[in-house]
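**Student:** One line per chain: the protein sequences are A and B, in this order.
Our numbering puts the first sequence at residues 1 to 772.
Our numbering puts the second sequence at residues 773 to 1000.
Simulated from the structure, these hints should not be mistaken for laboratory data.
Given the structure is predicted, the values throughout are model-derived calculations rather than measurements.
Beta carbons: idealized from backbone N, C-alpha and C, even for Gly.
Worth double-checking, as some hints may not be accurate.
Claimed, not checked - Once the Cα atoms are required to be at most 25 Å apart in a straight line, the calculated SDA-like pairs of lysine to any residue come out as:
no.	chain 1	residue 1	chain 2	residue 2
1	A	Lys464	B	Gly978
2	A	Lys468	B	Arg950
3	B	Lys774	A	Gly465
4	A	Lys464	B	Gly797
5	A	Lys464	B	Glu848
6	B	Lys924	B	Glu974
7	A	Lys464	B	Asp980
8	B	Lys924	B	Arg835
9	A	Lys61	A	Val33
10	A	Lys464	B	Arg844
11	A	Lys468	B	Leu795
12	A	Lys468	A	Glu199
13	A	Lys464	B	Lys924
14	B	Lys774	B	Trp885
15	A	Lys464	B	Arg987
16	B	Lys774	B	Glu848
17	A	Lys468	B	Gly797
18	A	Lys464	B	Leu976
19	A	Lys468	B	Asp980
20	A	Lys468	B	Gly978
21	A	Lys464	B	Trp885
22	B	Lys924	B	Arg950
23	B	Lys924	B	Ala877
24	A	Lys464	B	Pro802
25	A	Lys464	B	Leu908
26	A	Lys61	A	Asp382
27	A	Lys61	A	Gly76
28	A	Lys468	B	Glu974
29	A	Lys468	A	Lys61
30	A	Lys464	B	Glu974
31	A	Lys468	B	Leu976
Stated by the list, open to error - A few chain B residues that face chain A, going by a derived Cβ cut-off under 10 Å, partial list only:
no.	residue
32	Ser783
33	Cys785
34	Asp786
35	Gly821
36	Asp826
37	Tyr827
38	Arg829
39	Ala832
40	Ala877
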Amino acid sequence: MTVAERPPRPAVAEVMHTPLHRALGLTDHELGVIGGRLGRAPNDLELAMFSVMWSEHCSYKSSRPLLRTLPTSGPGLVAGVGENAGVVSIGDGLAVAFKLESHNHPSAVEPFQGAATGVGGILRDIFTMGARPIAVLDALKFGDPSSARTRRLVSGVVRGVGGYGNCVGVPTVGGELAFHPSYEENPLVNVMAVGLLEERDLTRAAAPGPGNLVVLYGSATGRDGIGGASVLASATFGDADPQKRPTVQVGDPFAGKLLIEASLELIERGLLEGLQDLGAAGITCAVSETADRAGTGIRLELDAVPRRETGMAAFEVMISESQERMLAIVRPDRIDAVVEVCRRWGLPVAVIGRVTDDGDVTVAGADGVELARVPASALTSDAIVYEREGRPPARSRRAPAPGAPELAHDGLPERGMDPGAVLVSLLGDPNLASRAWVTGRYDETVGSDTVCGGAHGAAVVRIKGTAKALVMATDSNPRVGALDPYLGAVSAVAECTRNVVITGARPLGVTDCLNFGDPERAEAFWQLTEAVRGIADACRALGLAVTGGNVSLYNESAYGAIVPTTQIGVVGLLDDIGRLVHPVFRAGSDVVALLGESTPGLGGSIYADHAGAVPDDRPPGIDLARESALQALLLDATRSGLLRSAQDVGGGGLCVALAECCLWGGIGADLQVTVGTAPAVELFGESPSRVVVSVAPTAWDALRSLAAGSGIPLRRLGLIGGDRLRIRLVGEGATGAAEERGAGVADEVDMPLDVLRRAWESGLPRAIGEAG
Amino acid sequence: MKVGVVVFPGSNCDRDAIHAARLAGAQAEPLWHEDPDLHGADAVILPGGFAYGDYLRAGALARFSPIMGSVREHAERGGLVLGICNGFQVLAEAGLVPGALLRNASLRFEHRWVRLTVTRRDTAFTSAIPPDVTLLMPVAHGEGCYTSPDDKLDALEARGGVLFRYVGPEGNPNGSARDVAGVLSERENVCGLMPHPERASERLLGSDDGLLLLRSLVTSAGQRLAAA
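Using the sequences plus the hints, can you model the full thing?
**Tutor:** In structure tokens form, the structure reads like this:
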């Protein structure tokens, strides 16, 4: 008897007066659409399968129309959007796989396991492609660093990221840490992983060849993480959060390590036709996606799935998110070899089904009774899609009056400001201070490939046996995103690529993680739309493809939504590690200079957090053509070996960038900055497309003619040397403070490096109560 | 000269150790934990990682693995054995080196670059290290606090069994008694240390000081081979 023939049975929840589909997170409308796809009413098991697959998390039902607008093809791309991770060729038969992913909601509920399984999940995405994971980067966002909740979350998340990465032996080489009140109830845990593969080992997550075996290996299936995709990742947090704890998966890094080694061995020996990891929506997702990608079907024998506990219902087995499991498609003549490899790595392995040619995912129970039959496409590529309505918030719709003068000043009571004191306070801000408290919990040297870890700048990982290295960074700009989600996204792409380019590496592609609020709210959906438009514009201007990514919606709590957060990850290729440019000042008497120029606006800056900003002050704009020219110039300059150092001007502005160059290099500088309009804009403003460089005196003329040729402004600031950072302000805008205070002191920064170092090193531990 | 690097399922520095041992001039091959055969290795390295997950206690299960019986026999014959990080923990659990490694005093996993003094240059593990040189290499562990009763520490120091100590402003990363970073067995043919010499074997990676230690091991094993 097939499913269609059996009489409908009242659902359990229906008896209890809540229709089952609603209890599972499906709307009445969606229930109707499911009926349309099937040509009949779904049974309970099918409904459970649809509920997880049509969740926002798995179906991208709100964001899919937007994501189609991103540029997704580029040179060297061998696997892109729609695969587990983007893969880009880097020559010599090698390729790099990379992707960013969120694990926000699980980390809010159970920070240690949430973060650990976030790392485990993204690593699986990488090795599923046939790549050995070689690096992890974590981008973490929390609320008020002084609140007990934040401190508990920081501690748990950092232990979770380290606990997994350290154990599986993948170095955590970099990342980002930011605090903003909007993340108080809803922290963000975005993890990026990078892997290296021989191009011939590239493996697809597809189930080709009817008759092939469907093999499940790794951990046994239990009740953990039931409904994680639908209940946890696709709904706003409410009052009943403790009840959601069972929806968080539990990680086992040792099993994860075995899974990596076994999977890579299976791939290298050519034993697999396809491979898919089990993440959100468990077996249901893995079988429907692999079948749909290959245009085949899969018939599952439910009883063949190894269980961790007895008495599990069919739907629990089908949607469990138990970690560390893989689904492989294997030719029947190779199954013995596959079983042997799994056994040697101590992993349970079972044949749980066969590839069919009927396009359906069929679940068979005892004695072959058909428990569910659903077209694979209905669960994945043909899942429901919404054209949501986006609407900007009222205040942003107010256009400036035509012809209204644009104010160049920052509107702050900065006369009398002591820029040295401001610099110390900025360096101690937990958003800018040293992350050593975090990175010291992470093994960043395992693998013996880490050239530069997370202490400063982009991470650099060499490729053994070649002169090449991969440079990786992840960046976001949520403070600007809060004021203008489009600009927040554009500037994140620009900053992240710039951070890779300043080392001399050529960006290979962009991965994104979009962290936004409830898409059913018009304003939140507008923010998402703007961010995607920003990524698309920036990537097109810089000639880069989006190779894959992740969308995390419903990041809201009773206290409101998070600020729109577009996290960007970039991997670049450095052809010759000998040409690597560091962000640190190196030799005394080298010339320090600034490429690019500042533009007005302090909105969205860390300085504005400290000093207050006038409500109408906007963040500085960005000129993508200028950014592109700057990046081309930097690549030219590094290729010709001109630069001794290069550092991006980011959070905290020029002054913080200069201080970082000094602190990290352990050497001071004596500089002069011309202030045209306002000292705060010049020193602490965060206008993009600026880079601090240093060159040997003999290379100065060459740099000048290179910059002149590209139209990028170049200003000489002074010389490296000594053990203080001295910045004298000159020019029209610099006169006010000195006159009013009757002294010249306020018109310069003159700080011993020791003082700056103390502020920078103690900032984070002090903020989160871990000092001393 | 052949170095065998033991691979437990949760070893994660095995590749690094093989790579560095080759840089030090050895032939280096992996040895699978379930296979008691050392395949002719003249010296054995127990690498870092989490041998069997180490959920119980670091190294507690690994000492019972089939290959550890052979490693013990190799050591009893006077063969050279180097345990790095988790390898040190396994050696301590197996009683092949004295002392025990407890959780770090901070109760946290610690990764940082540390500096080591070398107390003696007349051992198989330090003969190639120039005098007055301190070694820069990373530590990365959660259980590296070297512990032993005071009288045993006195005896250990008296016989020259403390081979490496943490020094300098980078400090003692784990609260080890008397800043002990690495020790020698009584017969001085087995050495365990928490820092990672194999990760400090190339200037590009920040230090090649660790290579001095591995070169000592390779040279000593070669000399023993020639003498035998």
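**Student:** Could you run down the list of hints and mark each one as holding or not?
**Tutor:** Results of checking the hints against the structure:
1. The straight-line distance between the Cα atoms of Lys464 of chain A and Gly978 of chain B is roughly 15 Å, inside the 25 Å bound, and the hint therefore holds.
2. Simply put, Lys468 of chain A and Arg950 of chain B have alpha-carbon atoms about 42 Å apart, too far for the 25 Å limit, and the pair is violated.
3. With a C-alpha separation of about 22 Å, the suggested pairing of Lys774 of chain B with Gly465 of chain A holds against the 25 Å cut-off.
4. The suggested pairing of Lys464 of chain A with Gly797 of chain B holds, with an alpha-carbon distance near 17 Å, which does not exceed 25 Å.
5. The straight-line distance between the Cα atoms of Lys464 of chain A and Glu848 of chain B is roughly 36 Å, outside the 25 Å bound, and the hint therefore fails.
6. A threshold of 25 Å between alpha carbons decides the hint, and for Lys924 of chain B with Glu974 of chain B the separation of about 36 Å lies outside it, so the pair is violated.
7. A threshold of 25 Å between alpha carbons decides the hint, and for Lys464 of chain A with Asp980 of chain B the separation of about 16 Å falls inside it, so the pair holds.
8. For the hint pairing Lys924 of chain B with Arg835 of chain B, the CA-to-CA distance comes to about 23 Å; that is within 25 Å, so the pair holds.
9. For the proposed pair Lys61 of chain A and Val33 of chain A, the alpha carbon gap of about 13 Å is at most 25 Å, so the pair holds.
10. Between Lys464 of chain A and Arg844 of chain B, the direct Cα distance comes to roughly 33 Å. Violation of the 25 Å bound is thereby established for this hinted pair.
11. Straight-line distance between C-alpha atoms of Lys468 of chain A and Leu795 of chain B comes to about 19 Å, which keeps the hinted pair within the 25 Å bound.
12. Pair hint Lys468 of chain A plus Glu199 of chain A holds up; C-alpha atoms about 16 Å apart against a cutoff of 25 Å.
13. With a C-alpha separation of about 43 Å, the suggested pair Lys464 of chain A and Lys924 of chain B falls outside the 25 Å cut-off, and the hint is violated.
14. The hinted pair formed by Lys774 of chain B and Trp885 of chain B fails the criterion: a straight-line CA distance of about 29 Å is larger than 25 Å.
15. Proposed proximity of Lys464 of chain A and Arg987 of chain B is supported: the alpha carbons are some 20 Å apart, at most 25 Å.
16. As the CA atoms of Lys774 of chain B and Glu848 of chain B are separated by approximately 18 Å, the hinted pair is consistent with the 25 Å bound.
17. A distance of roughly 24 Å separates the Cα atoms of Lys468 of chain A and Gly797 of chain B; the hinted pair therefore holds under the 25 Å criterion.
18. Distance hint between Lys464 of chain A and Leu976 of chain B is fulfilled; the C-alpha atoms sit about 11 Å from each other, no more than 25 Å.
19. A C-alpha spacing of about 20 Å is found between Lys468 of chain A and Asp980 of chain B, which places the hinted pair at or below 25 Å, so the restraint holds.
20. Annotation: proposed proximity of Lys468 of chain A to Gly978 of chain B holds, straight-line Cα distance about 17 Å (limit 25 Å).
21. With a CA separation close to 22 Å, the supplied pair Lys464 of chain A and Trp885 of chain B stays within the 25 Å bound.
22. Annotation: proposed proximity of Lys924 of chain B to Arg950 of chain B holds, straight-line Cα distance about 12 Å (limit 25 Å).
23. At roughly 21 Å between alpha-carbon atoms, Lys924 of chain B and Ala877 of chain B fall within 25 Å of each other, so this suggested pair holds.
24. Note on Lys464 of chain A and Pro802 of chain B: the hinted pairing holds, with a Cα-Cα distance of about 18 Å set against a maximum of 25 Å.
25. With a C-alpha separation of about 22 Å, the suggested pairing of Lys464 of chain A with Leu908 of chain B holds against the 25 Å cut-off.
26. Taken as a hint, the Lys61 of chain A and Asp382 of chain A pair is honoured in the structure, with Cα atoms around 10 Å apart against an allowance of 25 Å.
27. Using a Cα cut-off of 25 Å, the hinted pair Lys61 of chain A and Gly76 of chain A is violated, with the two alpha carbons roughly 29 Å apart.
28. Between Lys468 of chain A and Glu974 of chain B the alpha-carbon distance is near 15 Å, which keeps this suggested pair within the 25 Å criterion.
29. At roughly 40 Å between alpha-carbon atoms, Lys468 of chain A and Lys61 of chain A are farther apart than 25 Å, so this suggested pair is violated.
30. Between the alpha carbons of Lys464 of chain A and Glu974 of chain B the distance comes to roughly 11 Å, so the proposed pair stays at or under 25 Å and holds.
31. A hinted pair counts as satisfied when its Cα atoms are at most 25 Å apart, and Lys468 of chain A with Leu976 of chain B qualifies at roughly 12 Å.
32. For Ser783 of chain B, the shortest C-beta to C-beta distance to chain A is roughly 8 Å, which falls under 10 Å, so the interface hint holds.
33. Because the beta carbon of Cys785 of chain B sits about 6 Å from the nearest beta carbon in chain A, less than 10 Å, this interface hint is met.
34. Because the closest C-beta pair between Asp786 of chain B and chain A is about 9 Å apart, less than 10 Å, the hint holds.
35. Evaluation of the Gly821 of chain B hint against chain A yields a held restraint, the C-beta minimum of about 6 Å falling below 10 Å.
36. Interface restraint check: Asp826 of chain B against chain A, minimum CB-CB distance 8 Å, threshold 10 Å, status holds.
37. At a threshold of 10 Å, the smallest CB-CB gap from Tyr827 of chain B to chain A is about 7 Å, leaving the interface hint in force.
38. Annotation: interface hint on Arg829 of chain B violated; nearest CB of chain A at approximately 14 Å, more than 10 Å.
39. The closest approach between the C-beta of Ala832 of chain B and any C-beta of chain A is roughly 14 Å, which is over the 10 Å cut-off, so the hint fails.
40. Because the closest C-beta pair between Ala877 of chain B and chain A is about 14 Å apart, greater than 10 Å, the hint is violated.
In terms of the numbered hints stated before, the structure departs from hints 2, 5, 6, 10, 13, 14, 27, 29, 38, 39, 40, listed from lowest to highest.
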